[in-house]
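With chain E's structure known, arrange chain S on it following the hints.
In order, the protein sequences belong to chains E and S. In terms of my numbering, the first sequence has 21 at position 21, counting the first letter as 1, and numbering is strictly consecutive. So the mapping is simple: my numbering equals the position in the second sequence, first residue as 1, plus 1000.
If you are wondering where the hints come from, they were derived from the structure by calculation, not from laboratory data. Take the hints with a grain of salt, since some may be wrong.
[Said to hold, decoys possible] Partner residues aside, some chain S positions facing chain E, computed with beta carbon under 7 Å: (1) Met1001; (2) Leu1008; (3) Leu1012; (4) Phe1014; (5) Ile1015; (6) Leu1019; (7) Leu1022; (8) Tyr1028; (9) Ala1030; (10) Glu1031; (11) Trp1035; (12) Asn1092; (13) Lys1219.
[Stated by the list, open to error] Here are the simulated DSS-like pairs of lysine-lysine, each with C-alpha atoms no more than 30 Å apart in a straight line: (14) S/Lys1211 - S/Lys1268; (15) S/Lys1040 - E/Lys79; (16) E/Lys156 - S/Lys1224; (17) S/Lys1268 - E/Lys121; (18) S/Lys1003 - E/Lys19; (19) E/Lys79 - E/Lys203; (20) E/Lys121 - S/Lys1002; (21) S/Lys1215 - S/Lys1182; (22) E/Lys19 - S/Lys1002; (23) S/Lys1120 - S/Lys1068; (24) E/Lys203 - E/Lys284; (25) S/Lys1269 - E/Lys156; (26) S/Lys1002 - E/Lys116; (27) S/Lys1130 - S/Lys1102; (28) S/Lys1003 - E/Lys116; (29) E/Lys169 - E/Lys145; (30) S/Lys1253 - S/Lys1215; (31) S/Lys1204 - S/Lys1224.
[Claimed, not checked] For each label pair, taking beta carbons as the anchor points, the in silico distance ranges come out as: (32) E/Ser245 - S/Gln1140: 39 to 49 Å; (33) S/Gln1177 - E/Phe143: 55 to 65 Å; (34) S/Ser1020 - E/Pro112: 36 to 46 Å.
The beta carbon of each residue, even a glycine, is placed where N, CA and C say it ideally should be.
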Amino acid sequence: MSKVKSPLTVLRLSFILFKFENQQIFYPFIIIVFINLVILEILYFSPRYPLLVFFAPIISRIWGQEYLHYPMDMMLLPKLFYYAQMVIYLFLSSILSVLVVDMVAAINNENPVSFKASLQKSLPGYIYIVLYSFLSLLLFQVFDKAYGLLLHRAFKIHSTAGTYFWIKKFLFYAAPYAQFIFGIFVTALFIYVPVLIILEKNKFLGALIGNFKVLFGSFWLTVGLVLVPTLFYLPLLLMRENIGSLAEMISPQIQVLVIVLGIFVTTAINIFIVTAATSHYLYKKENI
Amino acid sequence: MKKLILVLASILLFIYILLSFLSFRGDYCAERELWGINRKLAFIVSHQESTPDYTINQLVNRYRVFAKKYNGSIYAKRAQLIIGGVYLLRKNLPQARLEYRKAVGPDKESSAQAELAIAKTYELEGHWDKALAIYKSIIQNYPVTDSGFLVPMYLTSHSVTSGDRDQAFTDALAFYQRIVVKNPNSRLEYNALRMMAICQLNQKDWSGTVKTMGKIILKYPVGKGIQEEVNGINLLCVTKLHDYDMGINIYRKFIQKYPEHLADGFLKKMIKDLQLLKNKRLIIQSAPVTTPIIPRYN
Chain E
1 MSKVKSPLTV LRLSFILFKF ENQQIFYPFI IIVFINLVIL EILYFSPRYP
51 LLVFFAPIIS RIWGQEYLHY PMDMMLLPKL FYYAQMVIYL FLSSILSVLV
101 VDMVAAINNE NPVSFKASLQ KSLPGYIYIV LYSFLSLLLF QVFDKAYGLL
151 LHRAFKIHST AGTYFWIKKF LFYAAPYAQF IFGIFVTALF IYVPVLIILE
201 KNKFLGALIG NFKVLFGSFW LTVGLVLVPT LFYLPLLLMR ENIGSLAEMI
251 SPQIQVLVIV LGIFVTTAIN IFIVTAATSH YLYKKENI
Chain S
1001 MKKLILVLAS ILLFIYILLS FLSFRGDYCA ERELWGINRK LAFIVSHQES
1051 TPDYTINQLV NRYRVFAKKY NGSIYAKRAQ LIIGGVYLLR KNLPQARLEY
1101 RKAVGPDKES SAQAELAIAK TYELEGHWDK ALAIYKSIIQ NYPVTDSGFL
1151 VPMYLTSHSV TSGDRDQAFT DALAFYQRIV VKNPNSRLEY NALRMMAICQ
1201 LNQKDWSGTV KTMGKIILKY PVGKGIQEEV NGINLLCVTK LHDYDMGINI
1251 YRKFIQKYPE HLADGFLKKM IKDLQLLKNK RLIIQSAPVT TPIIPRYN
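Only chain S is shown next, with the shape it has when bound in the complex:
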C-alpha cells in the first residue's frame, strides 16, 4: 500500500511541477502576484492616515520589483501606473508624473491611462494649458481606448464660457462621428452613437438627437438601451419637436425590422399613444429634457 501511495503521490507531484513549470512567469502568475500586492495597497489606502512612509515605500518597492520581474508585460505597465497612483495619493505630483511616464509604451490602453493620469496631475497643479495639450494628444493618439474615448466628453465639462462649451461639444460630436464612420457594427460604434446623442442634446439639436437615438435602436436593439432611447425619443418628439411622426416612423421601422422582438408590444403602444396625441393636436412643453451624463475623471 505504501508503494501505491508513493507512486500516486509522485504522479500528482509530477503533474503539479510540470504544469507550474510550463506556466512559470506567464500572464496568470503575474496577475496573481499583482493582485496580492494590490490587496496590500487597498489596505494601506483605507488606513492612509496611520500608515508610516516606510510601509508605503516598501510597497512601492514591491511594485518596482514586480515591474522588473515581468518587464515588457502589460502587468509591468499596470504596476507602474499604480506606483504613479501611490505618489499621487501622497501628493508628490512631479514624482507621480515621472512614474506615469514609465507606463507609456506599446500597449495603447495603459499608455492612454498613463497620459490621462499625467494630465490629471497638471490639472491638480492648476496648469490647465498643459493638461489640455495632453488631453488633445490622447484624443489624437489613443481615440479608441477606454480612456481616450471619453476624453472629448470630459473636456466639455471643463469649458468655462458658453462659447467654449459649444465648441467643446462640436469637437466631441465630430470625434464620435469619426469613430462611428471608422468602426461600423461594433461596440465602439454603439458607444459613440450614444455619446453623439448626448452632444446633440446639449447643443439643443433635438432633431439630430432623435435621429441618432433612432439609429441606435434600429442598429443595436439590445438591453436596457432601448428603453432609454425610446424615452428620449418620446420626450423630444412630444415636448420639443412637436413632431409625432418622427417617433412613429422610427418605431414602425423597428417593428418591421425586428418583427419578433420583445419590445414590439411596447413600441406598438407607443405608436398608438403618439398617434392619439397627434390626433388631439396637443402641444406639451412642460416636461424637462433629461440632463446628460458627462463622465468625470476624478
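Isolated chain E, as found in the complex:
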C-alpha cells in the first residue's frame, strides 16, 4: 500500500478494492440490502390482509387505530422500519458488514476473496460484534435522549427575540444535523473495534483498548474516513427533513422511496467505512 497522507488517499485506495475480480466483497452489501427490503415489504403490507391479522393488534394498541389506515400508515412506516432496522443491525447487518474486514485483509495478502471463508472466520467473534453494535446504538440513544431533554428545556423558552430566542431556534433546526455529526464521531471512536475482533481475534474489551491505541495519533484521519462517505447521506437527510411537504406535494408513498434510498445509501456508507478503516489499520500495522 502506498503512503497514506490524507483520508481521501485511504478512501481512494479502498474504492479500488471494489472491483469485479473481488466481486464477493459486494455480497455483504447485497445481502444486507435484501434483508432490509424484505422487512420493508412486510411492514409496508402490514395494514393489509393477511399481515393485518398479526400487525393490527400491535399497531392499534401502541399508536392507535388510525395508523392502520391510508395515509396515516405511511407516516408510521419510517418509525416501524427504524425499530426493525435496529434489530436487523444488531444481529445481522453488523456481522455481515464486518465480513468486509476479512475480505480486505485477504486482498491485502493477495488471497482470493471468499464470502463463505470470511463468514466462517468471522463467526467466532459474533458475540463481540453484537456487543460493539449494541454499544454504538446505546451511545446514539443516550445522545438522542440528552438532546431530547435539551429540546424540552428549549421549548420552555418563551422569548420571541434576542439571544435565548435564537438559541431555541438553533437547537430545533440543528437537531437532525447534531445527530448526524454525533453519529460520525461515535462511529469514528469505535471503528477499529470490529477490525481488531476479526483480524486479531481480540475479545471485546481487548478490541476496545486496541481500538483506542490505533486511534491515538490518527483520530482526525479516522474522523475524515467516516465523514467523507457519510456526506453522501446529507441529501437523504434533507429529504427526510422535508418529507411532510414532499408527501403533500407528490404522494404519501414517497416515504417508501426515501426508506429504500436510505437502505442503499447507509449500507454502502457503512461497508465503505469499514473497508477504509481496515485499509488504514493494515497500513498502520505494516508500517509500525
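Positioned in the frame of chain E, the structure of chain S alone reads:
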C-alpha cells in the same frame, strides 16, 4: 454475483406480488384509491370558481367507477355520499338527494349520514316539514350513530317559539336518558350524560344538571371533562342553588371512590372553598351560567 442479485430480486418481487395479490381489492386498496380521488376533490373545492363543469363531471365519474368497483363495501357508500356532496356544492339539490339515497344501505353510519344530508337539502330548499320528518326518522332508526346521536340536540337549535324550544329540550333529554339506560358503562353513555347536562342546563333544571354532572365525574373520572364538570357544579351550587353541600357531597364521594386520583388535591381545595362560603353564608348571584354548546350541521 449476477445470479445472486437475480435470485434475491426475484424473491423480493415474489413477496411483493404475493402480498399484493392477497390484499387485492381489499379495504386498504379501496381506502387508498378513495383518498387519491378525495385529494383531487379537495383541490377542486378550493378552486371551485375556476373549475369547469367538465372537470367536476369527470371527478364524479371517477367516484362512480370507484363505487362500482368496490360495490357493497363501506367505501362505495362513502363515495356515493361524496357524489351527493359534489351536487350539493353545485346547488343541484334534487340530484344531490338522489345520490345520497344510493348511499343508504346496511351500514348504519353511512346511512345516517346520507339521511342527514337529504334532510339538509330539504332545509336548504325551505321545506322544514320534510326535513323534520327525516330528522325524526334518523332519531328513530339510527340513534347510536355519530350523526343520529346529535340530531335531537340539533333540533333544539331550530325551534322558533320558546314553547317549541322547551319541547325540543324535553325530547332531547328523554332521548339521551334512553341512550344512558340502554348503553351502560360505555363511551356512548358518557356522551349522552354530557348531552343530558346541556339539556337540563337549558331547561334551568339546576339541581338535575348538578346531579348529572356529578354522575359524569363519578362514573368517568378521566380527561379534561372533570375540570369542566367541576366548574359547572361549582357555578350552579354557588350562584343558582345556593346549596354548597350538594357540591361538597359529590366531591367527597369522588375522593372516597378514587383515593389516588390526580384530581383529589384539587377537589379537596374545592370542598374547603365551598365550606368557607357555606360558613360565611354568602349568596352569590352575579356569575353567568355557561352557554351550552349546541352542535350545528352546516
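Verification of the hints:
{"no.": "1", "hint": "Met1001", "result": "holds, 5 Å"}
{"no.": "2", "hint": "Leu1008", "result": "holds, 4 Å"}
{"no.": "3", "hint": "Leu1012", "result": "holds, 6 Å"}
{"no.": "4", "hint": "Phe1014", "result": "violated, 10 Å"}
{"no.": "5", "hint": "Ile1015", "result": "holds, 5 Å"}
{"no.": "6", "hint": "Leu1019", "result": "holds, 4 Å"}
{"no.": "7", "hint": "Leu1022", "result": "holds, 6 Å"}
{"no.": "8", "hint": "Tyr1028", "result": "holds, 4 Å"}
{"no.": "9", "hint": "Ala1030", "result": "violated, 9 Å"}
{"no.": "10", "hint": "Glu1031", "result": "holds, 5 Å"}
{"no.": "11", "hint": "Trp1035", "result": "holds, 5 Å"}
{"no.": "12", "hint": "Asn1092", "result": "violated, 30 Å"}
{"no.": "13", "hint": "Lys1219", "result": "violated, 24 Å"}
{"no.": "14", "hint": "S/Lys1211 - S/Lys1268", "result": "holds, 19 Å"}
{"no.": "15", "hint": "S/Lys1040 - E/Lys79", "result": "holds, 28 Å"}
{"no.": "16", "hint": "E/Lys156 - S/Lys1224", "result": "holds, 23 Å"}
{"no.": "17", "hint": "S/Lys1268 - E/Lys121", "result": "violated, 70 Å"}
{"no.": "18", "hint": "S/Lys1003 - E/Lys19", "result": "holds, 17 Å"}
{"no.": "19", "hint": "E/Lys79 - E/Lys203", "result": "violated, 34 Å"}
{"no.": "20", "hint": "E/Lys121 - S/Lys1002", "result": "holds, 25 Å"}
{"no.": "21", "hint": "S/Lys1215 - S/Lys1182", "result": "holds, 16 Å"}
{"no.": "22", "hint": "E/Lys19 - S/Lys1002", "result": "holds, 14 Å"}
{"no.": "23", "hint": "S/Lys1120 - S/Lys1068", "result": "holds, 26 Å"}
{"no.": "24", "hint": "E/Lys203 - E/Lys284", "result": "holds, 21 Å"}
{"no.": "25", "hint": "S/Lys1269 - E/Lys156", "result": "holds, 28 Å"}
{"no.": "26", "hint": "S/Lys1002 - E/Lys116", "result": "holds, 17 Å"}
{"no.": "27", "hint": "S/Lys1130 - S/Lys1102", "result": "holds, 19 Å"}
{"no.": "28", "hint": "S/Lys1003 - E/Lys116", "result": "holds, 16 Å"}
{"no.": "29", "hint": "E/Lys169 - E/Lys145", "result": "holds, 19 Å"}
{"no.": "30", "hint": "S/Lys1253 - S/Lys1215", "result": "holds, 10 Å"}
{"no.": "31", "hint": "S/Lys1204 - S/Lys1224", "result": "holds, 24 Å"}
{"no.": "32", "hint": "E/Ser245 - S/Gln1140: 39 to 49 Å", "result": "holds, 47 Å"}
{"no.": "33", "hint": "S/Gln1177 - E/Phe143: 55 to 65 Å", "result": "holds, 57 Å"}
{"no.": "34", "hint": "S/Ser1020 - E/Pro112: 36 to 46 Å", "result": "holds, 41 Å"}
In summary, the numbered hints that this structure violates are 4, 9, 12, 13, 17 and 19.
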